[in-house]
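Protein chains in written order, with our numbering: chain S, 23 to 525; chain B, 611 to 940.
Quick caveat, the hints were computed from the structure, so don't treat them as lab data. Remember, predicted model here, so these are calculated numbers, not experimental data. Where is the CB? At the ideal position from N, CA and C, for every residue including glycine. Hints may be right or wrong, so weigh each one.
To be verified - Listed next, the stretches of chain B that the computed footprint assigns to chain S, with coverage defined by at least 3 CB atoms under 8 Å from CB atoms of chain S:
1. 797-811
2. 825-832
To be verified - Pulled from the structure, derived: some chain B residues nowhere near chain S, Cβ distances all over 12 Å:
3. I663
4. N741
5. V760
6. P782
7. M793
8. R856
9. L884
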Amino acid sequence: MSSRKAPSIAVRGVGKSYSGVTVLHDIDLDIAPGEVHGLVGENGAGKSTLLKILGGAIRADAGTLSFDGEQVTVGSPRDAIGHGISLISQEGALVPALSVLDNVFLARWSHRGGLVSARADRKRLAGLLETTGFTVDPDERVDRLPIGVQQQVEILRSLARGAQVIAMDEPTAVLAEHEKENLLALIRKLAAGGTTIILVSHFLEEVLSVADRITVLRDGALIRTQKASETSPRELVGHMVGREIDVLYPDPRPVPDGAPVMLAARGLKRGLVNGVGLEVRAGEILGIAGLVGSGRTETLRLLFGADRPVEGVVEVDGAELAQPTPRAAMAAGVALVPESRKEQGLVMQRSVAENVALSSLSGRRAGPFVRRPAEKKAVGEIAKSVDIRAADPEAAIETLSGGNQQKALFAKWLLRKPKVLLIDEPTRGVDVAAKTQIHHLITGLAADGMAVVCVSSEIEELLALSHRVLVLRHGEPVGEYPRGTTPEVVIAAAFGSDEGEPS
Amino acid sequence: MSVDTLPKTAAPPAGNMSRLAFRMRDYGIVAALVIIVIALSVSTDTFLTTGNIVNLLDQTAVIGLLATGATICIISGVFDLTASATLALSAIIGVQVGRVTDVYVGMLAAVVAGALLGFVTGTVVVRSGVNSFVGTLATSMVYRGLAVMVTGGAIVYPLTGAAETFGMLTWPSLFGLTSATIMFVVVVGVLAVVVARTTFGRRLYAVGGNAEAARLSGIRVGSIHVTAFMISGVCSALAGLILASRAGSAQSTMATGTELTAIAAAVVGGTSILGGEGAVWRAIVGALLLTLIGNGFNLLGWDTIYQQVLQGLLILFAVTMDRWLRKRTR
């Protein structure tokens with residue numbers, strides 16, 4: 023690793039705003055050399071922004087940065103690297119078509135007489151692999167590697183650049199359980215060797231287990247910095263949302279006797295999904311649990327016709343869908359809140375109002391024209407009822423926080439008054455307060471007679487909201503559990519009792 | 611439904627600077643247009659004459675129509691590189707049909723041909739799934755080739771007796787403007803309303819902004835694209851008629867390369883090439899700017915050798931400003 027010592031970092035009065043909206047305000051923060059410093063807060067609290075300012079990815083509008091007491095300008099990632107700071111962002115910054123070796127030494131290849139010397143790089147990489155305990159094939163293209171290993175490549179690159187400060191944005195979000203353990207172990211090891219680690223994470227337990235000190239941000243302001251050993255998840259959440267809150271789930275209202283079956287599917291097959299059938303009654307919330315790759319999301323997509331089933335039928339309110347397409351499913355009264363807001367749910371550069379109105383345009387038209395007053399009214403009402411907080415409904419939806427975007431996505435579908443609501447990851451990337459609101463929204467909709475199918479990778483959430491939970495494994499239903507089942511039982515079923523271990 | 615109400619977090623006051631930057635991004639290009647108009651009005655006595663204005667608008671008509679078609683395609687997330695080939699082929703069809711029927715039927719045939727060619731282009735792009743840039747590049751070569759085949763490479767003229775009627779788009783009309791200008795204004799006005807006020811317009815933006823989200827919202831993405839190409843085809847045909855009417859003839863090499871000028875005008879006007887954003891009025895502002903530069907060179911007596919260089923620099927300047935302002939405001 024580097025012979026240089028990590029600097030002590032002093033952030034003074036740093037602020038940043040976009041389009042007049044302050045996302046970071048007057049931040050003062052000191053980070054000691056060799057410290058693991060956790061940054062926590064709700065979505066939109068400003069954690070990533072602060073991290074990106076340190077990493078030179080964006081510039082602060084106000085304030086100063088000092089390293090070892092000397093004021094510095096970090097105007098670009100290049101500047102940051104020059105100061106020994108390396109940013110590992112959420113999105114990743116590898117060149118997919120290049121090898122591990124080329125990525126690790128990207129733009130800093132060893133060279134002799136103008137020619138890249140792969141042999142010298144190989145030697146350097148072997149050294150780094152030894153230090154970190156990673157096992158990566160130097161010649162594999164990085165786009166062929168699992169995401170956890172790609173992240174290791176990014177860490178190797180930071181080290182190869184002699185970084186004494188590594189800033190990581192949600193590094194564990196994409197990792198499997200055992201990969202997380204390895205990463206946390208590595209963070210401890212690097213810190214022990216004198217490297218400073220700044221860690222942004224949503225997972226409080228994780229931050230608590232690895233960080234020396236933790237800073238809580240809320241609405242762009244620094245709330246407090248304290249030793250990890252002197253705080254608890256409960257206290258941190260309290261600071262994050264501004265008050266102590268109980269993560270309390272609403273109870274779904276019992277399904278009335280004799281409620282009709284609103285959604286039925288039999289023998290659905292396509293790709294991962296191998297013969298899934300289910301029935302959901304009006305007013306019922308059916309949860310679908312399973313590991314990543316169990317076919318949860320794919321099943322929802324088949325129910326909505328987002329993908330065409332190779333085999334199997336979907337019936338809505340007793341009638342078979344005319345065609346397995348989103349249009350036919352929508353016409354029958356089905357709605358899908360998809361897994362990814364950004365990729366499948368919203369048109370990010372368009373306004374909040376346009377997005378909310380999008381799936382029900384035909385219901386408010388006069389000939390070819392949009393009936394704008396009717397639209398304004400409908401959007402206004404639904405936005406109020408799901409509590410979308412947007413200063414201006416004409417603002418681009420990408421300017422909203424994750425929670426408000428998610429509420430807008432619900433609003434878009436609720437305007438169609440669906441009979442069946444399919445929800446994939448209802449609260450992914452949503453702050454704590456909005457999460458609770460969405461939970462109440464879902465149970466409220468079911469109480470009003472909607473049939474709901476919900477997929478979530480948060481098992482507690484799924485068990486709390488659902489009347490019944492269907493467990494999938496390798497695309498097949500392996501069991502159905504009533505309300506009140508413990509997470510352990512469902513997880514065991516998802517893994518498969520005969521296997522016991524994640525495959 | 612029961613939803614907890616939580617205290618609203620007050621939005622911090624917007625900074626004046628970034629608000630200004632925001633407006634600049636939206637209307638900066640209009641300011642640029644106004645500045646050039648004022649500069650030319652002050653520095654020449656010929657600019658603000660009726661004759662020059664009539665002439666200027668007449669010149670803008672062709673590139674304005676093409677830029678409008680290009681803008682609508684770009685908003686929906688596709689490029690139409692067939693524009694000038696469609697222009698030539700439909701103008702030729704118009705002249706040829708006019709020879710065997712009469713001039714008006716011929717002109718109608720040209721517009722129908724434009725729509726049909728747009729339909730074919732759109733269907734090819736949608737069905738093949740090829741990137742529209744490549745797909746329309748290939749299609750445009752086919753259309754140009756067909757134009758050569760139909761004419762045998764020769765110039766086609768309307769019948770001698772019909773030549774005067776065929777030139778009708780150059781005739782003066784309302785307010786002394788040419789018929790071409792009036793047609794341009796009417797067509798573009800209608801399209802501006804279609805894009806801004808109809809459900810089709812909303813879907814156009816949604817498809818260009820996020821095709822998958824649009825599909826999962828029940829929008830037929832393919833037919834939106836085909837419709838965009840058809841509108842572009844009609845715009846091209848109308849532009850072709852203006853050019854043919856002016857020249858009194860049509861030929862296979864007509865307007866070669868103007869599809870790129872049209873895209874340039876769209877981009878100068880401030881329509882994002884990434885799709886999902888833009889407006890018809892922006893196409894007109896872009897077309898006016900490009901035309902004004904040529905007009906300015908004439909009026910000021912500058913050597914037209916430098917005209918292309920200046921136009922190129924203007925395009926670069928416009929897109930750089932756009933990028934810069936976007937970066938600041940996001």
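| said: Flag every earlier hint the structure violates by its number, smallest first. | reply: Hint check: 9 fails alone, others pass.
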